[in-house]
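In order, the protein sequences belong to chains P and U.
Mapping of the first sequence onto the working numbering: position 384 corresponds to residue 383, and the numbering continues sequentially without gaps.
Mapping of the second sequence onto the working numbering: position 55 corresponds to residue 54, and the numbering continues sequentially without gaps.
Derived from the structure by calculation, the hints contain no laboratory data.
Please note: incorrect hints may appear among the correct ones.
All copies of an identical chain are treated as equivalent in the list; a pair is satisfied when it fits inside any one copy or across any two copies.
[Stated by the list, open to error] Capping the alpha-carbon separation at 30 Å, the derived lysine-lysine pairs in BS3-like fashion look like this:
#  : residue 1 : residue 2
1  : Lys359    : Lys285
2  : Lys169    : Lys87
3  : Lys23     : Lys83
4  : Lys65     : Lys80
5  : Lys203    : Lys381
6  : Lys87     : Lys108
7  : Lys80     : Lys381
8  : Lys309    : Lys87
9  : Lys22     : Lys72
10 : Lys83     : Lys381
11 : Lys381    : Lys23
12 : Lys203    : Lys169
These figures come from a predicted structure and were not determined experimentally.
2 protein chains.
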Amino acid sequence: MTRVAILGIDGYLGWPLAVHLSKKGYEVSGCDDLIRRRLVFEVGSNSATQIKNWSDRYCALHELNKGHDSVFKKFNITNYKELKDFLKEAQPDAIVHFAQMPSAPYSMKGVREAVFTHINNVIGNLNLIFAMREVCPEAHLVKLGSMGEYGTPNIDISEGNFEVEYNGRKDSLPYPKQPGSFYHCTKVHDSVNLQMACRFWGLKATDIMQGVVFGVSIPAMEGDAGLMTRFDFDECFGTAINRFCAQAVIGEPITPYGRGGQNRGFLPLQDSINCINLIIDHPPEKGEYRVINQFEDVYNLFALALMVEKVAKGLGISARVVPVDNPRIEQEGHYYNPVHKKLLELGYSPASNIEFEVSKTMRILEECKERILRCKKAIAPKTQW
Amino acid sequence: MTRVAILGIDGYLGWPLAVHLSKKGYEVSGCDDLIRRRLVFEVGSNSATQIKNWSDRYCALHELNKGHDSVFKKFNITNYKELKDFLKEAQPDAIVHFAQMPSAPYSMKGVREAVFTHINNVIGNLNLIFAMREVCPEAHLVKLGSMGEYGTPNIDISEGNFEVEYNGRKDSLPYPKQPGSFYHCTKVHDSVNLQMACRFWGLKATDIMQGVVFGVSIPAMEGDAGLMTRFDFDECFGTAINRFCAQAVIGEPITPYGRGGQNRGFLPLQDSINCINLIIDHPPEKGEYRVINQFEDVYNLFALALMVEKVAKGLGISARVVPVDNPRIEQEGHYYNPVHKKLLELGYSPASNIEFEVSKTMRILEECKERILRCKKAIAPKTQW
Chain P
0 MTRVAILGID GYLGWPLAVH LSKKGYEVSG CDDLIRRRLV FEVGSNSATQ IKNWSDRYCA
60 LHELNKGHDS VFKKFNITNY KELKDFLKEA QPDAIVHFAQ MPSAPYSMKG VREAVFTHIN
120 NVIGNLNLIF AMREVCPEAH LVKLGSMGEY GTPNIDISEG NFEVEYNGRK DSLPYPKQPG
180 SFYHCTKVHD SVNLQMACRF WGLKATDIMQ GVVFGVSIPA MEGDAGLMTR FDFDECFGTA
240 INRFCAQAVI GEPITPYGRG GQNRGFLPLQ DSINCINLII DHPPEKGEYR VINQFEDVYN
300 LFALALMVEK VAKGLGISAR VVPVDNPRIE QEGHYYNPVH KKLLELGYSP ASNIEFEVSK
360 TMRILEECKE RILRCKKAIA PKTQW
Chain U
0 MTRVAILGID GYLGWPLAVH LSKKGYEVSG CDDLIRRRLV FEVGSNSATQ IKNWSDRYCA
60 LHELNKGHDS VFKKFNITNY KELKDFLKEA QPDAIVHFAQ MPSAPYSMKG VREAVFTHIN
120 NVIGNLNLIF AMREVCPEAH LVKLGSMGEY GTPNIDISEG NFEVEYNGRK DSLPYPKQPG
180 SFYHCTKVHD SVNLQMACRF WGLKATDIMQ GVVFGVSIPA MEGDAGLMTR FDFDECFGTA
240 INRFCAQAVI GEPITPYGRG GQNRGFLPLQ DSINCINLII DHPPEKGEYR VINQFEDVYN
300 LFALALMVEK VAKGLGISAR VVPVDNPRIE QEGHYYNPVH KKLLELGYSP ASNIEFEVSK
360 TMRILEECKE RILRCKKAIA PKTQW
């Protein structure tokens, strides 16, 4: 039996992972400070799906973990003592670190939000590195990074260090990062700190450069509305496909940003959970800092918008794509070729095709139409950079 | 007349730069939170040179800036409002940012020190980026980074982006960083944040990757003991050559770490000040993030220890080199070839040779022997990683 501690267990990914692993017999513990709930409220939105409150959720999770010594705590990992106590109690074999502020636009709103993002993410991660060293140096840290750390370089993106030849000499070096928001900057900072900690202290970690996740349901939570995960559609916490689906469902135009020529890696929620499960089951060596690029395939934003439009029409929903001015400075139309071999080598095979996932998502969202309509003002981009 | 605001004006570099620029007719303002004084005390040491207290120093500096609207404030730049108010009052053309925790060993002592270093350095720098955008977007930010950001790659180190060819395609990318302490990590984080801010907001900045500075006196402060800068020799805040000089002067063995085969860039204090003056006089374009590798030449640590021994003997001081176990994980004996052309193009020519500077330093330190002896326990390395 593997003991897994999920930091950020209440979030979009943390909760489904907890349900999935619990049902598979892993001993799941977790902590959260409910930051996601608070910040989505702060930007004037709410989860489209109705999710249970903290106490009810963790009663349900305790039930799924019956017979295990699961620990669920509400605290922020920037509090070192609470984090250390939690790890001592949970005694994890693997720690999945999702406890971060996950929004690029939120981090760009102003100095308050940028500083909050840095403290929450970078100090939280730094505390975790030290707490692991002190409490559980043999545990495997599964850290959620982002494909957005790389930016959009004009050369292939390697998976981990890249072999570079320069002025006639060679070395294997960390891949150069070009993050596009302060949120993405914090992910880069975490990667730098973590790689050093593995080198110096023999910690083992997988740094997941994850693409954009979409969808709302996984098999482990189907048939039990109380196990549903959150679904955000606002400009800050709603990611591209999810936002498009929400727009289609309420009869609003689907709005890619700018020409929509941005290429990004995407994967359905189910695949994200399956991949993390695979990673937990295949830890790296002691002292190894392993980078995994985690996505199903690369898609063009405009093509995705059109695909959502098509699927919506198939469901009898009249949808249309209407691009809006890009609120961000980013390349629209660019080379993009990230390697993603390691998960396939570990046994990853995509759970379903993207159109099927989008269709499933929209059918669930149709039940949540009123809740989306109530916060529809939060969808249009207001944060510019 | 150029208005220069020095953040961290009370430190080893900040103070001599303030004296140097004031005497040359620049309008100098500055702020500091006296962190350096406090932390050196915390690690059980003190400046070898006797420096004036904050009030007396800034009376002296006001005197040198007579007729100017100089502003001197005591606060920490992690306080955004105080920073903004200071910049509004000082109206700088150039901002020299030295207000950071500068010690690798201190940052590696434990979680408390690592977190302090991150908050002080990364949040301080982030506040500065936002405050500049709000108050003085046209000012030139001269940010002190470190050659230690690069680590010791097996290929040449470029000065700014490097042209890389990979799998048959080319791009100009940020140079991969491999910092060797949490302190150096914070400098890398700052570089990432700053480069992005220049790109998005049109700020202009010079990120100085500085080598190890040594020495204690510059012409502008000679002949006036009240203008003397601090000189640290403890394991945390004393850099290699300075520590060697202090050891020689009090008759203790000169202790390079390990085999001493580490190669690093070095420069005398006078050169550091001259280079920063040059950089202030030659700002980059709006939106430009300029990287400058700032050092006189690359030296081998063991060779430097022998050089200090030789110079000491020439002054009649009986000194000897006795290597100690390396308290750090670092390469000893490695390729090291950082480009450093930009300062030479701006007109930098080394002020004097390294042996002369070491000799001058030791003669000054001989007057401070009692103060060094009082804290000599602080010299030996205790922080390991």
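Hints, verified against the model:
For a Cα distance limit of 30 Å, the shortest separation of Lys359 from Lys285 qualifies neither inside one copy, at 41 Å, nor across copies, at 49 Å. For a Cα distance limit of 30 Å, the shortest separation of Lys169 from Lys87 qualifies neither inside one copy, at 43 Å, nor across copies, at 48 Å. Taking the shortest alpha-carbon separations for Lys23 and Lys83, only the intra-copy value of 27 Å comes in at or below 30 Å, while the best inter-copy value is 54 Å. For the identical chains of this complex, Lys65 and Lys80 are intra-copy neighbours only, at 27 Å inside a copy versus 51 Å across copies, given an alpha-carbon limit of 30 Å.
Only between protomers do Lys203 and Lys381 lie at most 30 Å apart by alpha-carbon distance; the minimum there is 26 Å, versus 40 Å within a single protomer. Taking the closest pair of Cα atoms, Lys87 and Lys108 come within 30 Å of each other only across two copies (22 Å); inside a single copy the shortest separation is 37 Å, beyond that limit. Taking CA atoms no more than 30 Å apart as the test, Lys80 paired with Lys381 passes between copies only; the shortest distance there is 25 Å, against 38 Å inside one copy. For a Cα distance limit of 30 Å, the shortest separation of Lys309 from Lys87 qualifies neither inside one copy, at 51 Å, nor across copies, at 54 Å.
Within a single copy, Lys22 and Lys72 get their C-alpha atoms as close as 20 Å, which meets the 30 Å cut-off; across copies the closest is 59 Å, which misses it. When the C-alpha separation of Lys83 and Lys381 is checked against a cutoff of 30 Å, the pair qualifies only between copies, where the shortest distance is 25 Å, while the shortest distance within a copy is 39 Å. For the homomeric pair Lys381 and Lys23, neither the shortest alpha-carbon distance inside one copy (42 Å) nor that between copies (48 Å) is at most 30 Å. In this assembly of identical chains, Lys203 and Lys169 lie within 30 Å of each other by CA distance solely inside one copy; the values are 26 Å within and 33 Å between copies.
When each numbered hint is compared with the structure, violations occur for hints 1, 2, 8, 11.
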